[in-house]
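Which chain is which? The protein sequence lines are A and B, in order.
Per the working numbering, the first sequence runs over residues 60 to 411.
Per the working numbering, the second sequence runs over residues 1281 to 1401.
Each hint should be verified, as a subset may be incorrect.
[As the list claims (entries may be wrong)] Restricting the straight-line Cα-Cα distance to at most 25 Å, the calculated cross-link-like pairs of lysine to aspartate or glutamate (DMTMM-like) are:
hint	chain 1	residue 1	chain 2	residue 2
1	A	Lys155	B	Glu1399
2	A	Lys249	B	Glu1358
3	B	Lys1359	B	Glu1400
4	A	Lys174	B	Glu1350
5	A	Lys130	B	Glu1350
6	A	Lys155	B	Asp1315
Hints in this document: simulated from the structure, not taken from any laboratory.
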Amino acid sequence: MFSSFKKLLFRKFKRSETKLHELNYLFWECTTRCNLNCLHCGSDCSKDSLYHDMPLDDFLSALDTVKTPSKNFMVVLTGGEPLLRKDIELCGRAIKKRGMKWSMVSNGHLYDKEKHISLLNAGLGALTISLDGLEESHNWLRNSKDSFSRVSNAINLAVSSSRLYFDVVTCINKRNFQELSSIRNYLIQKGVKAWRLFTIIPIGRAIRNPELFLDNCQLIELMEFINKSRKSSAIDVKFSCEGYVGNYELKVRDNYFFCRAGINIGSILIDGSISACPNIDRDFAQGNIYKDNFYDIWQTKYELFRNRRWTNIGKCAECADYKDCQGNGFHYWQGDKKNVLVCHNEQLKKQH
Amino acid sequence: MKRNLIGKVIGGLSLTSAMFVFQACYGTPQDFGLDLLVEGQVKSKISGLPIKGIKVSVADNLQYEYTNDEGRFSFYTEKRDNLSILFEDIDSIQNGIYLNRDTVLKNSKEKVFLDIKMEEK
Ligand code: SF4
Ligand code: SF4
C-alpha cells in the first residue's frame, strides 16, 4: 500500500522531470580511437577509428549555445578512450573556463601519475574507471595482457584524491560472475567507495560472444549479491541505471528506475550527431551540430525520448509493469522501434 | 519549484534525498565538488623578471605545476580553508637559484591570482 503510493508519486516526479527536461549531463564522444579492443565493446571502436577526433572548437561552438546552463551541468568526456587525445587537458580547461564542470570515463590504461595530476590541474571533477574482474578475467575481456595492472594503478591514484567523485564500473559476464565477492573485497581493500555493476548490451562486437551474457539465474544472483552488499557500508554497490528490475527496484539502487536519456542526458557524438547516451542506437539522433543549433535541438526536439508511448509495443504492450518501466532503458531499442532488446524484469521473473 | 516540492514529498517518504542524483550506465558520477582556480606569476625579487621552471605545488596533495617562460602558472584545486601553496626552485642553476617560499590562502572565493617574488640565493 505504502509502496504503491511511493511508486505513484515517483511516476509523477518522472512526469515533472520530463516536462522540465533540464539538461545537466552532456556526453561528449570526443574520440572513437581506442587503445584496447574489448570483447564487449558496443561501439566497435578501434585503434584506427573511421572518424577523426572532434576538434575542440567545434564542440565548444555547440556548447556555447547553452547560454544558461543548469546548476549541476556537467560535460562527460567519453570515447573510445578520451586519454588518447593529446589535448584532453585543454578540453577540460576550456569547459571549466565557461563555469561548467567536466568528468571523464576511462579504461585507465594511460592513467598514470603525471596524467592524474595534469587532469586535476585542468579541473577534472569526476572519474569512472572500468574494471572487469580480477586479473585473468579482466585481461580476457579487455583483450590485453597488462590492462589489469595498469587499471589497478589508475584506481590507486583516483582513490588518493579527495577532490574526485570517483567510481569503478564492472561489466558482469559469465567469466567474472564467480568473482563478485572477490572483486568487492579487492575494491574495498583499495579504498574505493563506489562500485557500479552493469550487464552487457547485446550489440556491437559483443553479440558474437555468448560468454558475455548472464543467464536468468545469474541475473537473479547478481541482484541478490547487490542487495546484500548494500546492507554494508564498506562500499556503495549499485546496479547501473540500465533497466527496470521489478521486485528488486530500490533494493539494488538508491532510486526507482528512471531512464533520463533525452530528459536530462544529452550528447554530442563523434560525427556531430546530437543524441542522448552514447550507447543508444545512432538512428535516434535528433540533429547535428554541424548544421543545427545544439541547444535549440535540446529544447525543441527529443519527442521520442520525452514521450515514450511508442515503446508500448511488442512484449511491452502486454506488460503489467509498463507504467513503472516504460520500455526499459532507451538503449535497448533499435531504430525500427519494434521490440525491446532486453527485459530484465522478464528474466528475473522467469525463475521465481 | 514544483519539481522541488514533488522531490521533497518523495524524499520525505524515505525514497532518499538523492532524488536528483543520477548517472548514465556509461557515464561518471555527478560532480558536486568545489574548485579554486589558482593562477599567478613568479618573478625575481631583485630584477623583477619572470622565473621559469619554478615548481608550484599544493601542500598535502599530489598536485603541482611548473611556471612557464613568462613565470606563469594556473591550475584548479579542491577548495579548502588555509590552502598552502609552495614555490620551489628545483632546477638547480638553470634559470637562476632562488630561495623556496610558500603562501597560505585564506577564505578564497573561486579564483585567486598570486603575484610571487622570489629571492635569489
Ligand atoms: S515488458 Fe517492457 S515494459 Fe514490461 S518490464 Fe519488460 S521492458 Fe519493461
Ligand atoms: S539510455 Fe540506458 S544508459 Fe542512458 S539513461 Fe537510459 S537506461 Fe541509462
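query: What are the numbers of the hints that this structure violates, sorted from low to high?
result: 1, 3 and 5
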